[in-house]
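Q: Top line first, the protein sequences correspond to chains G and H. Per this note's numbering: the first sequence = residues 1 to 317. Per this note's numbering: the second sequence = residues 318 to 605.
No lab work stands behind these hints: they were computed from the structure. None of these values were measured; they are calculated from a predicted model. Please note that a few of the clues may not be correct.
[Unchecked claim] Using C-beta positions, here's what the derived DEER-type ranges look like:
id, chain 1, residue 1, chain 2, residue 2, range
1, H, S447, G, F148, 38 to 46 angstroms
2, G, P56, H, Q424, 41 to 49 angstroms
3, G, L62, H, G377, 49 to 57 angstroms
4, H, S449, G, P163, 19 to 27 angstroms
5, G, E203, H, S449, 44 to 52 angstroms
6, H, S479, G, D302, 19 to 27 angstroms
7, H, R467, G, R122, 48 to 56 angstroms
8, G, W221, H, M404, 22 to 30 angstroms
9, G, L130, H, S479, 39 to 47 angstroms
10, G, F148, H, S395, 45 to 53 angstroms
[To be verified] Taking lysine-lysine pairs in the DSS-like style, the calculated list, with each CA pair at most 27 angstroms apart, reads:
id, chain 1, residue 1, chain 2, residue 2
11, G, K219, H, K412
12, H, K512, G, K219
13, H, K596, H, K558
14, H, K512, H, K432
[Unchecked claim] Derived contacts from chain G toward chain H, CB cut-off under 7 angstroms, selection only:
id, residue
15, A212
16, W221
17, G287
18, R310
All C-beta atoms in this analysis are idealised placements derived from N, C-alpha and C, irrespective of residue type, glycine included.
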Amino acid sequence: MPLKRHGAQTGAAMTESKLSEIRGIDSGQELIDEGTRSMTSWALAMHRTSLWLQSPRPYLMLIGFACFIGFWYLAVEVWKLPRFAEMPGPTQVLTEWLSRDPVYGLSIFVPEYYLHIWVSTRRIAIAFFLATGIGVPLGLFLGWSPRFKQYVFPVFELMRPIPPLAWVPLAIVMFRGSETPVIFLTFLASFYATALNTMLGVESIDASYIRAASCLGAKRWQVFRHIIVPGALPFIFTGLQISVGVAWFSLVAGEMVSGQYGLGSVINTSYTMVRYPMIIIGMVTLGIVGYITSAAIRLLGDYMMQWRTRELALGER
Amino acid sequence: METGNAPSQRDRSTIARKGGVRIIDAVKMYGAQGAGVLAVDHCTFDVPAGEITVVVGPSGCGKTTLLNAIAGFHSLSSGSIYLDDEMLCGPGKLKAEPGPDRIVVFQNGALFPWKTNIDNVAFGPIMQGSMSRSEAYEKAQSMMADAGLRGIADSYPGEISSGVRRRVEIVRALMNDPKILLLDEPYRALDSLTKSVMHEALLEIFYKNRVTIFFITHDLEEAIFLGHRVVIMTTRPCRPKKILDIDIPHPRDYSVLTTKRFRAFMEETSAAVHEEAIKAFDAGEKER
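Bound-form chain G, shown alone (with noise of 0.2 angstroms):
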């Protein structure tokens, strides 16, 4: 308001007391609420948890969940539609998925079922790390040196299209083992989403910030590291998002083929020695530990891009 006050004297002459206080009002207290900065992010989190609950979007989501399941119970064990006559119903899952003594083998109280989750876990894991560690760099040059990109760009867009499952055969000659091909087709998914992005990432970038780096006296690698990075981060992090969705995709893919552990495996075996419950139990897990993953990283992206958190916060404090 404090402008607006001061534009009805605009004719007068303002004295420099007057400026000043102008300027007292509007760089302090008003534009930021000291209060909620001070805020510690575990009471920043607590704060939008309970504004969470206090809105309708929880009993929504709830809601959903509950048609989903209710669809699923009705169309299976209620009018048993001729298309559903197989598949297995919610209340029969879960029986399994809940039992300490399961029909099938596999429940949340048998060890075995942690294992595929682990091993799962762990493949995806490595094969994004290393997505992520060679990605990035990579996407970072792509975008920032325009020599690089004539070299690297056609080549990397010639293999980008070609499917994860058609480097199957290759991966299995190429590597030893069942782990690694498993590991490699998973990587490589998740490495063109992240180094594409990434790359996006770094052409986003305005090119005033790189002018008023070069302005302010910033060397090159110096603008590098200040503008590119940093600038490129929330393209970074939505490639992050989209590269662990199709590891996981590429990595159910991968296991169903090889691999005698894993969620994948499970899936597979489950459908050819019928034990449809199986199935449907390693998908589910699937789901969750999937959404887990995805929410670990946008976490981190939060964390790291506190200035994008703030901005996007600042109307819902």
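Fit chain H to the known structure of chain G by using the hints.
A: Just chain H, lined up with the frame of chain G:
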């Protein structure tokens, strides 16, 4: 007013008359030779040291091209530009090197959104290696306090209003003791009330530092209010159409706007500016 720092301030205003820019026969052609678009056409004028020179012209007339050549973002096709008798660009070296002696304040603002305001302000000296980190932060702190920006040092540019952002950006520029500030329509996106505050704040900064200012705008009132010298440009290709020395005494404040003198300058120039605006408009129509 014989305070402790008075002598040093006087020193600055008399000795530190630096930052004079001389533009000689500058030509900038975009695109392939011969077939390109002429943006700047044999431009010659001076930006006197220690003064505010405002360049006025219709949008897209090529005045930013000229600024970019001084800053070192673009090359010239021919001609030369001098800063205090030192050649920035000219025959044999058509592109100047960007550097902290000529700092640009951009049209849409270029504070780095991922750095806090004080990190932004301290950025220049740290990059140049001219100060240690702690010295830079100390100076940044005191300069921000001087400008009434103490309260926002640790927040991010995205959390403050655009008017305050501009002020932080000017402080960031002044941190480097530039010879000349190049302002590229810095207040274009602001509403007119905020603008009026910003104008007086800019003048206040100028009276304190006596840094040479090269200011681009399409707003004639802004130009006459701020400038010692107003250069009215023709529309693309741009060339000085009229150069006026505004002899309204400094320090100025908003009461100047209602004086007869100011009106007289407005009358003298508005016809020329309007003529160019119409030309620019017609050219725009033809292009489409």
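Q: Provide an ascending list of the numbers of those earlier hints which the structure does not satisfy.
A: 1, 4, 5, 10, 12, 16, 17
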